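Trainee: Each chain, written out:
There are 4 protein chains.
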Amino acid sequence: MIRFNNDYSEGAHPKILEKLIQTNDEQTAGYGEDEYCHQAAGLIRKLCCNENADVHFIVGGTQTNLIVISAALRPHQCVLSASSGHISVHETGAIEATGHKVIALPDTDGKINAEQIEQTWLDHIHDESFEHITQPRLVYISNPTEYGTIYSKKELSEISRVCRKYGLYLYMDGARLGYGLCAKGNDLDLPFIAECCDVFYIGGTKIGALFGEAVVIGNEELKKDFRYIIKQRGAMLAKGRLLGLQFIALFEDNLYFEISEHVVALAEKVRDIFAENGYPFLYPSPTNQQFPILPDAVLPALKEKYAFSTWQKFDADHTVVRFCTSWATKEESVAALREDIRRLPK
Amino acid sequence: MIRFNNDYSEGAHPKILEKLIQTNDEQTAGYGEDEYCHQAAGLIRKLCCNENADVHFIVGGTQTNLIVISAALRPHQCVLSASSGHISVHETGAIEATGHKVIALPDTDGKINAEQIEQTWLDHIHDESFEHITQPRLVYISNPTEYGTIYSKKELSEISRVCRKYGLYLYMDGARLGYGLCAKGNDLDLPFIAECCDVFYIGGTKIGALFGEAVVIGNEELKKDFRYIIKQRGAMLAKGRLLGLQFIALFEDNLYFEISEHVVALAEKVRDIFAENGYPFLYPSPTNQQFPILPDAVLPALKEKYAFSTWQKFDADHTVVRFCTSWATKEESVAALREDIRRLPK
Amino acid sequence: MIRFNNDYSEGAHPKILEKLIQTNDEQTAGYGEDEYCHQAAGLIRKLCCNENADVHFIVGGTQTNLIVISAALRPHQCVLSASSGHISVHETGAIEATGHKVIALPDTDGKINAEQIEQTWLDHIHDESFEHITQPRLVYISNPTEYGTIYSKKELSEISRVCRKYGLYLYMDGARLGYGLCAKGNDLDLPFIAECCDVFYIGGTKIGALFGEAVVIGNEELKKDFRYIIKQRGAMLAKGRLLGLQFIALFEDNLYFEISEHVVALAEKVRDIFAENGYPFLYPSPTNQQFPILPDAVLPALKEKYAFSTWQKFDADHTVVRFCTSWATKEESVAALREDIRRLPK
Amino acid sequence: MIRFNNDYSEGAHPKILEKLIQTNDEQTAGYGEDEYCHQAAGLIRKLCCNENADVHFIVGGTQTNLIVISAALRPHQCVLSASSGHISVHETGAIEATGHKVIALPDTDGKINAEQIEQTWLDHIHDESFEHITQPRLVYISNPTEYGTIYSKKELSEISRVCRKYGLYLYMDGARLGYGLCAKGNDLDLPFIAECCDVFYIGGTKIGALFGEAVVIGNEELKKDFRYIIKQRGAMLAKGRLLGLQFIALFEDNLYFEISEHVVALAEKVRDIFAENGYPFLYPSPTNQQFPILPDAVLPALKEKYAFSTWQKFDADHTVVRFCTSWATKEESVAALREDIRRLPK
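Protein chains in written order, with our numbering: chain X, 4 to 349; chain L, 4 to 349; chain E, 4 to 349; chain G, 4 to 349.
Check the hints yourself; a few may be wrong.
The list makes no distinction among identical chains, and a pair is therefore deemed to hold if it is satisfied within one copy or across any two copies.
[To be verified] Simulated pairs of lysine-lysine, DSS-like, Cα-Cα distance not exceeding 25 angstroms:
no.	residue 1	residue 2
1	168	226
2	227	168
3	157	306
4	333	18
5	157	333
6	306	168
7	156	227
8	49	306
9	349	187
10	333	272
11	349	306
12	308	187
13	349	316
14	157	187
15	349	272
Simulated from the structure, these hints should not be mistaken for lab results.
All values derive from a computational prediction rather than experimental measurement.
Based on the provided sequences and hints, a complete structural model is requested.
Mentor: Structure follows, in C-alpha cells:
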C-alpha cells in the first residue's frame, strides 16, 4: 500500500528525532519553561521579525484553536470563519464547547475576503436588535485553506485592514503554513503574516514534527495570562521541552522550509500526473493537497494499491478524491502513481 | 402612534392580571412548588392528553430554549435548526454558551423537513471522520416559525418519525403556539404535538401573559433532574406561583385560544388590507405576523403614524416590513390602517 | 398556618401591584428599553449619587449573579466568596456552569474580611506554580449575608481598598440590601456602597416586588456590552417595563426603605421574643432573618402552627431554625408567636 | 545540580525511545486508530483482567481529568475530591471550565474515605433545597495521592461500595499509579482497581514515557462516544501511535513495574537518609515523593547542590520540602545526598 492519504502517517523527520534522542537524558524545567523552549521561541521571533511577539508551543491544532479563541473572546462574542474552516466543521464543536458561536461565511475555494467580513460586521452591528445576536470579534482564516489554496499579500492585507478598522482580531491557522509559504505563486512570508495577524500558529505536526504547533502572538491584548489558559485546557505539556526541541530542529537550519519545498514539489508532480491525463480538479491547490475528480469506475483498482481520501461525490459517475504528500513521501511512490494513472482506461 | 411592531408591547390580558391581584396576599411555597403551579400543570397535562408529562414554568423563551437543550445534550452533541430559527440567530449565542453547536439547515419559509434532517444525520454519521464533527441529537423547530408559517400534521409526523428512527429528540419552540393552532389551515392540536415531540413549550409572553412559558416534557429521558438545570441557569422564579397563576388564567377557561383566535382574525384583516391593495408578501403567514413588501417611498409617511418592524430590503426600491397583532390590538387600529393603506399612492 | 419561613411567600406590595395595573394597557418598547426602565435607572443613579452608573434590571438573584460574574471574568479567573455565600452553596453551581471556580473563604458569621482576601490573593500569585491555579479576579460579598449579619463602613472600605490594590473587582449581592441598610447599627448607605463596589445589586424580590433586581455598575470596565450578556443568559425580559415599573414604585417615594424598616422592626420583635425566653442565637443578625437555637422537644408543636426553616442541628438535643419577616408579615402573627414562645416548657 | 525536584525532568526511558525510533518510518492510521494503539489497549485490558474495558490514550493528566469528568456528568452534577486533589487545586479550574463544581472534602494525608463520601451524598440529597445545590455524581481519588500516600484494598473497596450504593461514578487518577502499586505495604493491583473503579487512568508521563496516560473505562455508561469528547477537547493526537507505542514499551515486558520498583526503592533510600538523621516527615509516603521537614537554616546550602520543591512553611523555623525520585535518578545522586544530609549541623 502506497499512502497519499494524509501528511501525518509517519513519525518525525530524522533530524527532529535525532534532536530528541541527543537530549533525552538532560534534566530541564517542565511546562515549557526550559531553555529549549526559550531558544525555539527566539528563533521564531527572529524569523517573524518581531522581537516582542510571545511564542507558545502547544501539542495539537484543535487544542491551539480552542485556546487562542477562548482566550481572546468575551462570552457574547463570536468567530467568523470560512464555512469550510477547520473550526467550523472538523473539531467536534470545540469552539462552541468553550461557549462561542462560529459564524460560517460562504467561501471561494476555501477563502473568505475582506468585503465579506466587513459586510458581516456591518450587518451585525446595524441590526435593530444587535444585542440579540452574537458580536463578531475574531476572524479565523487558515493558510493554506482546507482546500489547499493560499491567500495573497493583497488579500491578507485587505482582510487585516478591515479587521483593524472594526476592532476584530485576525487569527491565522497555519497547520500547513510551510506548504503555503513554499507554494508556487505565494507572495506571503512570516514577517508579513506576523504584521497582518494579531495571532497565528506555525504548524509542526503536519510538517515533519511528531507533534506541536507554535503560537505567535503579536497583539499585546492577547498576550496577558495566556499560559493560564493553556494549563486550564489541559495543554501544558509536562515535558514541554519536547516541543521546544522540535521547533529548534525545524527552524535552526531552515529544515521547516526544506521539508515544505520538497513536499510541495512532490505535490506538483502528483497534480501534473492527473492533469496530464485529463482529470480536472475541484480546487486550484498549489500546496500539498490535491483534489482530482476521478471517474468512479477507476477507483476500486486504484484503492488496492494506494491510500487516499474520498472527499465527496462530484456527480453520478465521478468522485473527488484527495492525494496528500508529506516529508516521508518517496519519489518512487510518485513514479508508480504516474505509471498507474497513465494506464487508467480513458 | 398605533403599534403593530410586536406582540409584547402591553402588559397582561385583564383576566390574567385579575388572577394575580386576587391572590396577591396569599402565602405559598416558593420556586414553583406551590398549588397554583401544580394546578396549572394539571390543566396542561389534560389538554395535551398526557397524564405523565412533566410540566415546568419558565419566565422567558431564550431561557427555556437554553435550559431544555443543555439539559438534553452531552457535550459533543449538537442541535439541528432552521437557519432562521430563533436559537440560531436571535439569542446572542445562548445555546453555544452552554457548549453546543447549532447546525443551521436551509429552510423554506422558516420550515425544515424530515428529509433534510435524515440527510444531515446520515451525512454526519457516515462521514469518514464522524468523531471529528458534532453529533446531532436534538431537532429544534418552532411553530409558528419565525416567518409566521406553520407545520402540518403530515410534516410534523414525518419529522417525528425520522427523529425517532435515528434517536434524535424533537423539540418544538411554541413561543406563539396559540396563533399556530388557531391559524386557518392548521390541523395540529396539543395532543398531537405532545405525541410527536419529546418536549415542547407553550408560550405565554406573546399570548397575553406578563411573562411565562410552559415546558411540556413527554420523554422520560428528559424528565430527570430538570429542576436542577432550571435553578442552575438562574431561571427558578422565587415567587413561582406567578407563573402558575397566569397559566391557570390562560387554560382554565379557554382564554389562551380565545386570545389566539382573536389575534389571528385581526392579522388576517391586516393581511387582507395589504393584499387588496396589491402588495405582495415575503412569506405566506397565516398567523399574527405579516410580512408585506412595500415601496420604500411609502414608508416615511406610514412610520409617522404606525410602529412596525423593518424586516429586510427586498430590492432597490422595496422593503419587507413586519406587522404584528396582539391581544391588545384594537379593531379601530386595524380600521385606521385600512384607510391609510388604501390611500397610499399606487 | 402562620408563615415565617421566608420573605417571598406573597405577591407584591400593594403599591407595586397598583403601578402595574395602572400602566397595563400602555404600549412600550420591549427588552428594558422603555421609558419606565430609564426612569427607574435614573432614580437609582440619583440615590447612589453616581450619575454615570449603568443600571440594569434582571428578574432574579441567581441570574444576576451569574451574569455579572461571567461578564467580568476571563476563563482562567475565579471568584472569592464566603464559604456560606449564596453563589458558593445555593445556586446549583451556576457560576461553575459559566466556567469559573468559586473559592470559598472561611467566614465569620457570614462575613469575610480584607485580610483574608489579601492573603488569598498573595498565596495565589506567589505560588511557585501560579499558572496552575485559578487567578482571583472578583470578590463576592453579600450584605446582609446569608446569616443576616451586615458589613460596617470600616469593613467594607477595607475590603474595597484591598480589592483596588490588587486589581480585584468587588461585587455586592444585595438580595436583601434594604434590610441591611435599615438595621440597627448599620452605617452604610447607597452612595458609600456605590463608591466601594465596582458593581452591586439592589434586590427587589425579597423586599416587596413580584420579582426583580437592579444591577448598578460603577466601574467602566464592567459596563461594556453588558446587555449582550443579559440576553445570552436568557435574562432579557420581553416586557422589561415590568421591572422598571416596580423599581419606580420602590424608589419614587421611599417605599423600599419604608418596607425595609418595617420588616426589620418586626424581626427585632421576633428576636426579642426568643431572647427574652432565654433562647440563644446562632448568628447575631440585626436584619430580617433570625436564627434561634431551640430544644428539639418544642419543635413539633411549634411546627403545627408556624412555618419556619430548619437550619441545622446544633447538638444532640437542639436545632437551629430560621424565622423570617417580610413586608406581608402581620403584627398579630408576631403577637401570636410571642404568646406561644412564652408558653413553651422551659 | 542534582535534581530531585520532580519526576518529569528528563525525556523517556531508553526502551520507550527505542520503540519510537524503530517504528518512525512506518505509515499508520492517525488519531489512535492504528495497530499499535490497539495492541497497547489489548495489553492493558489483559493486565486489568477486563476484556471488555475500553482503553484510550491521552497526552496529559489535566486533559485526561477534564475529558473523563465532562464526559460523565450532566450540567448540574459535581465531583467530590480530596481538598488536596489535583483537580481541586492544580489545574487552573479545568473542571469548572467544563461547567462542573468540584466539592473539596477534607482529607487525611491526601486520602478521603467512604464515610465522608456517604455523608456528603446524604447531606446533599436530604437538604430541604436539594435542587439548589449541585448533585454529586463522580468521586475523584488519586492513587498515590498528591502527598504520596496510597489507598488499601479495604479503603478502596469501601469507597467503591458506597459509590455503587448511591449511583456515584468512581474515578481514580493514576498519574503515578506504578509507584503506588510497587510501594511497600500496598495490597492493590490492576484487576482490583479495574473492578472497584468505573474509570481510571494509568499514568505514563511520570513513569518514564515522553507523555501519555491510558484511560481504562469499565463502566458501560461511560464508554459511549468517548472519542468525540477526546476530539472536542483537542486531545486527539494526530500521530496517535506515539501513545500506543509508548504503552506497548511500558507493558509488553513489565517495564512499567520495573521502573516503578526501582524508583520506589530509591525513594525509600531518600526517606531513610532523612529519617536516620532525625528529620520528621509531613506525610507517611511510601512512594516516590518524600516530604521531610527541615530547619530553614540548612536550606540555602542544600539548594546550591540539589533541586527540590519547597512545599510549605511548617513553623517559624522549619519548612516542608519535597524530594522526588524518577526513572532517571542515579544511585550516585542518592549516595551524594546521604553524605550531605549526614553532615548537616544538627
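Trainee: Quick one: which hint numbers does this structure break? Sort them smallest to largest.
Mentor: Of the numbered hints given earlier, those the structure breaks are 3, 5, 6, 7, 8, 9, 12, listed in rising order.
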